[in-house]
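Participant: As a plain string of letters, each chain reads:
Number of protein chains: 2
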Amino acid sequence: MKWEENVRKVEPYVPGEQPKTSNIIKLNTNECPYPPAPGVAKAVAAFKSDDLRLYPDPAASALTDCLSKYYHVPADQIFVGVGSDDVLSMSFLTFFNSKEPVLFPDITYSFYDVWAELYRIPYKQIPLNADFTMNKEDYMVPNGGVIFPNPNAPTGVLENLENVEAIVKANPDVIVIVDEAYIDFSGEHASALPLIEKYENLLVVQTFSKSRAMAGLRVGFAFGSKKLIGYLNDAKFSFNSYTMNLPTLTLGVEAVKDITYFKETVAKIVKTRERVKTELKKLGFSFTDSRSNFIFASHERVPAKELFEALKQAGIFVRYFPKPRIDNYLRISIGTDAEMDTLLAELKKYINQK
Amino acid sequence: MKWEENVRKVEPYVPGEQPKTSNIIKLNTNECPYPPAPGVAKAVAAFKSDDLRLYPDPAASALTDCLSKYYHVPADQIFVGVGSDDVLSMSFLTFFNSKEPVLFPDITYSFYDVWAELYRIPYKQIPLNADFTMNKEDYMVPNGGVIFPNPNAPTGVLENLENVEAIVKANPDVIVIVDEAYIDFSGEHASALPLIEKYENLLVVQTFSKSRAMAGLRVGFAFGSKKLIGYLNDAKFSFNSYTMNLPTLTLGVEAVKDITYFKETVAKIVKTRERVKTELKKLGFSFTDSRSNFIFASHERVPAKELFEALKQAGIFVRYFPKPRIDNYLRISIGTDAEMDTLLAELKKYINQK
Chain R
1 MKWEENVRKV
11 EPYVPGEQPK
21 TSNIIKLNTN
31 ECPYPPAPGV
41 AKAVAAFKSD
51 DLRLYPDPAA
61 SALTDCLSKY
71 YHVPADQIFV
81 GVGSDDVLSM
91 SFLTFFNSKE
101 PVLFPDITYS
111 FYDVWAELYR
121 IPYKQIPLNA
131 DFTMNKEDYM
141 VPNGGVIFPN
151 PNAPTGVLEN
161 LENVEAIVKA
171 NPDVIVIVDE
181 AYIDFSGEHA
191 SALPLIEKYE
201 NLLVVQTFSK
211 SRAMAGLRVG
221 FAFGSKKLIG
231 YLNDAKFSFN
241 SYTMNLPTLT
251 LGVEAVKDIT
261 YFKETVAKIV
271 KTRERVKTEL
281 KKLGFSFTDS
291 RSNFIFASHE
301 RVPAKELFEA
311 LKQAGIFVRY
321 FPKPRIDNYL
331 RISIGTDAEM
341 DTLLAELKKY
351 INQK
Chain W
1 MKWEENVRKV
11 EPYVPGEQPK
21 TSNIIKLNTN
31 ECPYPPAPGV
41 AKAVAAFKSD
51 DLRLYPDPAA
61 SALTDCLSKY
71 YHVPADQIFV
81 GVGSDDVLSM
91 SFLTFFNSKE
101 PVLFPDITYS
111 FYDVWAELYR
121 IPYKQIPLNA
131 DFTMNKEDYM
141 VPNGGVIFPN
151 PNAPTGVLEN
161 LENVEAIVKA
171 NPDVIVIVDE
181 AYIDFSGEHA
191 SALPLIEKYE
201 NLLVVQTFSK
211 SRAMAGLRVG
221 FAFGSKKLIG
231 YLNDAKFSFN
241 SYTMNLPTLT
251 LGVEAVKDIT
261 YFKETVAKIV
271 KTRERVKTEL
281 KKLGFSFTDS
291 RSNFIFASHE
301 RVPAKELFEA
311 LKQAGIFVRY
321 FPKPRIDNYL
331 RISIGTDAEM
341 DTLLAELKKY
351 INQK
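Note that the protein sequences, when read in sequence, are chains R and W. In terms of our numbering, the first sequence has 235 at position 235, counting the first letter as 1, and numbering is strictly consecutive. In terms of our numbering, the second sequence has 223 at position 223, counting the first letter as 1, and numbering is strictly consecutive.
Don't read these hints as lab results, they were simulated from the structure. Ideal Cβ positions, reconstructed from N, Cα and C, are used throughout, including at glycine.
These stretches of chain R come out as covered by chain W in the derived footprint (C-beta under 8 Å, 3 or more residues):
1. 28 to 38
2. 54 to 68
3. 84 to 98
4. 165 to 179
5. 200 to 210
6. 225 to 235
7. 245 to 253
Working from the sequences, and respecting the hints, build out all of it.
Facilitator: See the structure below:
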């Protein structure tokens, strides 16, 4: 049909499977194995469904205010969206409008090239070093913007803050986005957040989906200069006035307020991650020093694809990317200790019989 | 700064005020004065907050399935988004990529030109007739797509289905979007929904925000041919995989399932609307024959702007648009009978003293 000529045709991003059966161990989308902060359940109990008849606060002030308090950043330097995907998508649309290519690593969050294609933004994928680290000089060439996850996904590799700052500093004429979906698992002083005071062109993006156990609520947020956040808000208000619904505003704040629970949850996951690293090593796996809530691992003998399928047979879902350079790796989310023990036992059984 | 050169700069849409004080009568954003269906409160009570740790179903099947059942349309011909604004915004991005201008009325939902500007889509505003009806021949010229609300906002005027079909039929090479946010208040056989079986290029958009009393939940939906919905879903999955959060999926279905409550609520609002029309006439107002949940009224003597401000002083918020052709009108949402009585008394008092 002729109308199809003017349709924006795209190859959509394919998210990890969300199986509807409940008796599986789900280690494929980096969700938190622990429930959200106890305040969330209380907020649900107190929720007045009659209030749903009214539009929510379009500025989502409840969320920006509590993030402002927690992170000590003025509320007008914080943007919130429907998951960090929404924040990143709006950022591509708002900031990446140059004729020069946007730069990002070849091994990275697989949504970046999808957004670039969607908005017809030229882009160039920069090969990571063999150890999956970034070569900062590669990002010091003419470009229309820079984006990279830190720690990287799916590798889990954390770039040190000096390298991150060097890239931001070398690119004052474009926007540099540091996508910190996993930063809460990276230890102290890993985030580029403090750099927003020095660099007007830096956007730091984080999410409630991993460390705050709220993937189901869809909340992402970004920090930047007042000017940058202003432009992002203008675009958002030109896209959809009310992106954050009332349940999101009401329940979301509870995931930020409870600092103790948040820190305990993150600490538990990091502890499990380090223990699983030791166990995987014993089984013949090698992996990057992941600073996220997943491990990116390759076995010395058994191909990743085979392990992926064997685990799936056993009801354990992990993630496998049939892509150049990483097609012999499994990305394994960190679950509870019990879930990880089942995974390790299954891997051991399968590998030993080979 | 040089980075600002490549920022997509836009003049954002300004939504109606959402005042934070509770002792006002809010008739400015066409919300439902009655609470959502009783099943919503039950779903809140049964909601398991622990489930929030997991990503929601990216296909939002719970919603498309229940809409499919209610409207007797296959689920693969239904698209859902974060309010009809999200649905419309994604539709502009997906379908309006021609060099010819997209056509819409000069008096219409004021987000259309904002989306066109955001995506750099050429557009042409077609003047409505003096009585705010559309002249269908105006839309039978070369164009890159057509969009109009039916009933129109802010006029409340309903185009009959023959005119709507004539426009769809005359434009087989582009997408025609009928934005039916208020259609549930328009009586039987007003919706273009049945036409999707005949016209592959027709998209019919509706919302939970008005008749279903769920503005705070953010749910909009669209019906179209399988092909059209497929393209829209591809774009959506290239924008943000998970737009509909878990509370939306869980509570949203309850607003669709309860057909009796829905019909009763709509009937009550329509009854109040017709009564208020009679009363406004007595006070010297003239207005279109609104088939929506608001009345677009002009007084024979007192300027709309003055009435708007007097009502605001009295704690009654209505909507006023300082725009050519409509700057002597008030758009008054239909509230409860008690709210409308207060409004009428306030108007009477003010007008009589002039």
